[in-house]
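**Q** Sequence:
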Amino acid sequence: MSQNQPLLQATDLKKYYPVKKGLFAPEQLVKALDGVSFTLERGKTLAVVGESGCGKSTLGRLLTMIETPTDGELFYQGQDLLQPDATAEKLRRQKIQIVFQNPYGSLNPRKKVGQILEEPLLINTPLSAAERREKALAMMAKVGLKTEHYDRYPHMFSGGQRQRIAIARGLMLNPDVVIADEPVSALDVSVRAQVLNLMMDLQQELGLSYVFISHDLSVVEHIADEVMVMYLGAAWRRAVRTPFSTIRAIRIRRRCCRRRRA
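With full-length UniProt numbering, the residue at position 233 of the sequence shown is 233, and numbering never jumps.
Everything labelled a hint here was simulated from the structure, so no lab data went into it.
You may find that some hints are simply not true.
With beta-carbon atoms standing in for the labels, derived distance ranges [said to hold, decoys possible]:
| hint | residue 1 | residue 2 | range |
| --- | --- | --- | --- |
| 1 | Thr147 | Leu232 | 42 to 52 Å |
| 2 | Met200 | Thr39 | 17 to 27 Å |
| 3 | Pro84 | His222 | 31 to 41 Å |
| 4 | Pro109 | Asn4 | 44 to 54 Å |
| 5 | Gln5 | His155 | 37 to 47 Å |
| 6 | Asp85 | Thr39 | 22 to 32 Å |
Below, computed lysine-lysine pairings styled on DSSO-like, alpha-carbon distance capped at 27 Å [what the hints assert, rightly or not]:
| hint | residue 1 | residue 2 |
| --- | --- | --- |
| 7 | Lys90 | Lys142 |
| 8 | Lys95 | Lys111 |
| 9 | Lys112 | Lys146 |
| 10 | Lys95 | Lys112 |
| 11 | Lys135 | Lys112 |
| 12 | Lys146 | Lys14 |
A quick note: this is a predicted structure, and the numbers were derived from the prediction, not measured.
We put the beta carbon where it would ideally sit given N, CA and C, even for glycine.
Go ahead and model the full structure; you've got the sequences and the hints to work with.
**A** Shown next, in the form of structure tokens:
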């Protein structure tokens, strides 16, 4: 990768969903995402903010290829991730991971923590069972879980601990980019700061880049290097975060959006 090349680059990403309102009515399109572009540098955090329904989570699903874009380009270190070949598939699986909003729904309740963490290694690597266990235990230590948690089920943990498990699972393949889709919104206020500080420590230690999706501006102010504001599926503004000016500008823009819709 050249020195000036971004780690992740999205250009004019679009996601349209066809809908029909009646048997003989013409097909219409819901533009969930309508031409979003950004770049993400190594070790940086891009916060994506906006009201509910503006397309934030849709963007996260496109970046991880859970859903395929209708149009646009997506590059990782200059390599096209939208190409249907083995190289692009491997990059998507290993280098870009996602942490979902709800730790109660994103973890398989029938599997123990060790199985949950080892599953990405089982699918994507030739490691032996002993090697997978060793890596799982090492990752558990990184996120603040104990060795005895390895054989426990998700329902035996608090919300904060479950999100630590979800973060650990997302890091098992040593990704460069983590899409964090509202990772602390389902947690108690007292636990949010702990999880945010953990994510920042892991970013520093592992050189991670985050696309941090949130509607909580106080959280964004704590973690973001850059902020991108979305509205009605489009990116309205992108700016480098400063302690007060950017967050204040976003709040002003949100009030303007409400008045415009009214």
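**Q** Could you run down the list of hints and mark each one as holding or not?
**A** Verification of the hints:
Distance hint check: the CB atoms of threonine 147 and leucine 232 are about 48 Å apart, consistent with the given range 42 to 52 Å. The hinted window of 17 to 27 Å between methionine 200 and threonine 39 holds, with their beta carbons roughly 21 Å apart. The hinted window of 31 to 41 Å between proline 84 and histidine 222 holds, with their beta carbons roughly 39 Å apart. Between proline 109 and asparagine 4 the Cβ separation comes to about 46 Å, which falls inside the hinted range of 44 to 54 Å.
About 44 Å separates the C-beta atoms of glutamine 5 and histidine 155, a value consistent with the hinted range of 37 to 47 Å. At roughly 23 Å, the beta carbons of aspartate 85 and threonine 39 sit within the given window of 22 to 32 Å. Proximity of lysine 90 to lysine 142 is assessed by CA-CA distance (about 25 Å); at most 27 Å being required, the pair is judged to hold. At roughly 24 Å between alpha-carbon atoms, lysine 95 and lysine 111 fall within 27 Å of each other, so this suggested pair holds.
For the hint pairing lysine 112 with lysine 146, the CA-to-CA distance comes to about 14 Å; that is within 27 Å, so the pair holds. Of the supplied pair hints, the one linking lysine 95 and lysine 112 holds, its CA atoms being roughly 25 Å apart against a limit of 27 Å. Restraint check for lysine 135 and lysine 112: the C-alpha separation of about 15 Å stays at or below 27 Å, so the hint holds. A C-alpha spacing of about 42 Å is found between lysine 146 and lysine 14, which places the hinted pair above 27 Å, so the restraint is violated.
Checked against the numbered hints listed earlier, the structure breaks hint 12 alone; every other hint is satisfied.
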